[in-house]
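Kindly generate the complete structure, drawing on both the sequences and the hints.
Add 160 to a position in the sequence shown, counting from 1, and you land on the number used in the numbering used here.
Heads up, a few of these hints could be off.
[As the list claims (entries may be wrong)] Distance windows between CB atoms, simulated:
{"id": "1", "residue 1": "Met461", "residue 2": "Arg338", "range": "16 to 22 Å"}
{"id": "2", "residue 1": "Arg354", "residue 2": "Leu479", "range": "18 to 24 Å"}
{"id": "3", "residue 1": "Pro470", "residue 2": "Ala193", "range": "35 to 41 Å"}
Honestly, the hints are just simulated from the structure, not real lab data.
The C-beta atom is built at its ideal place from N, Cα and C for all residues, glycine as well.
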Amino acid sequence: MSAALAALARVTMVLNPLVQVLTFKLLAGLAFASTLALIWWLVPRLTHASDRDRLTAVTLFAWNPMVVFETGQGHNDLLMSMLLLLAVVPLVGRPRTVARLGSFALLVVNALIKYLPVVVGVFVGVLWLRQVRPAARVRTAASLVAVACGLTAVLVLPWPDPTAVMATMASAGGGGQRYADSIVDIPSFGIVARYLDKFSEHIQESLALVRFWEQVVVRGLMLAYAGWEIRRLWRLTPATLDQALGASVRVMLLIVIFVLTQTLDYYFISVLAVAAALGWSYRWTRVTVAISILFFPTFYMRRMDLEPVPNVFLIVSLLGPLAVGVLGSAWSLSRPGKRVKRAGHHGGLR
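Below, the structure written as structure tokens:
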């Protein structure tokens, strides 16, 4: 996809700059329209939702201020969201092995451009392993690994310096060591000033040390939580596609908010697209919509430096809806007698 976009840039470079800009905006607009069509198609097939639920999910994606703004910017996250939902389509119903492998291949390609689809790929892979016979699981796992490694090799090796490509991707996946609107980084300077470097003699070294241990702790907790979600999906009977996608939404939200050193507004677009495909009645769809609407103005006010924006706005816009979702899910899990009746296909974490 990066090669395709680069080729498009080379083709349009001889044109008027305005035509160049409009070309990429048109591409984003087409991806936006395709994403809406995919959400409309997926909602009733994933959750058996009502027409009203489906219409609400599509509308809240279509008129989401963040999505509309980034579409107008011609941002490629709209294209990534379209490809992500397109990878889900072959998995609906009772997919054949070829359809599953094709879907996984598309997720791998998507993940080589934007890292978040890795999460969907992991949960889709776990779901597949859960659904096949125990005797076939080793062969299935080997097929998934072969597809992932084969596609990565084919797409990366032709570059003059493949190791540099992978290093760049790994750095970008972690935020490139740049920090922007990171919840985890808010206390870093205070810790340095109060405990590690009171006389400001080694600020950069002390700050790097604090940030290193913050990342170690947060990423360790994130791995533990992802492992819990995987274990939970594995133990569900029956394990279904919407449960795997629901777990993906929760993990992706936490990665964007806590793990990445840069929390950028358009990182939420892919999460929002997958959540919308699960319908408006799904609790984590509502949480994702709330985060996107609250964080969007906060992000751009802080980025444009129109006037100082206190960290409390960042905390409320990201952690407020997240806390509501966590408390709601905890309440659902604490009522085992009601879980089956009210959880639908989301396994108690609606």
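Hints versus structure:
1. Met461 to Arg338: 16 to 22 Å: The hint (16 to 22 Å, Cβ to Cβ) holds, given that Met461 and Arg338 are roughly 19 Å apart.
2. Arg354 to Leu479: 18 to 24 Å: holds (23 Å)
3. Pro470 to Ala193: 35 to 41 Å: Because 38 Å falls inside the window, the suggested range holds.
Checked against the numbered hints given earlier, this structure breaks none of them.
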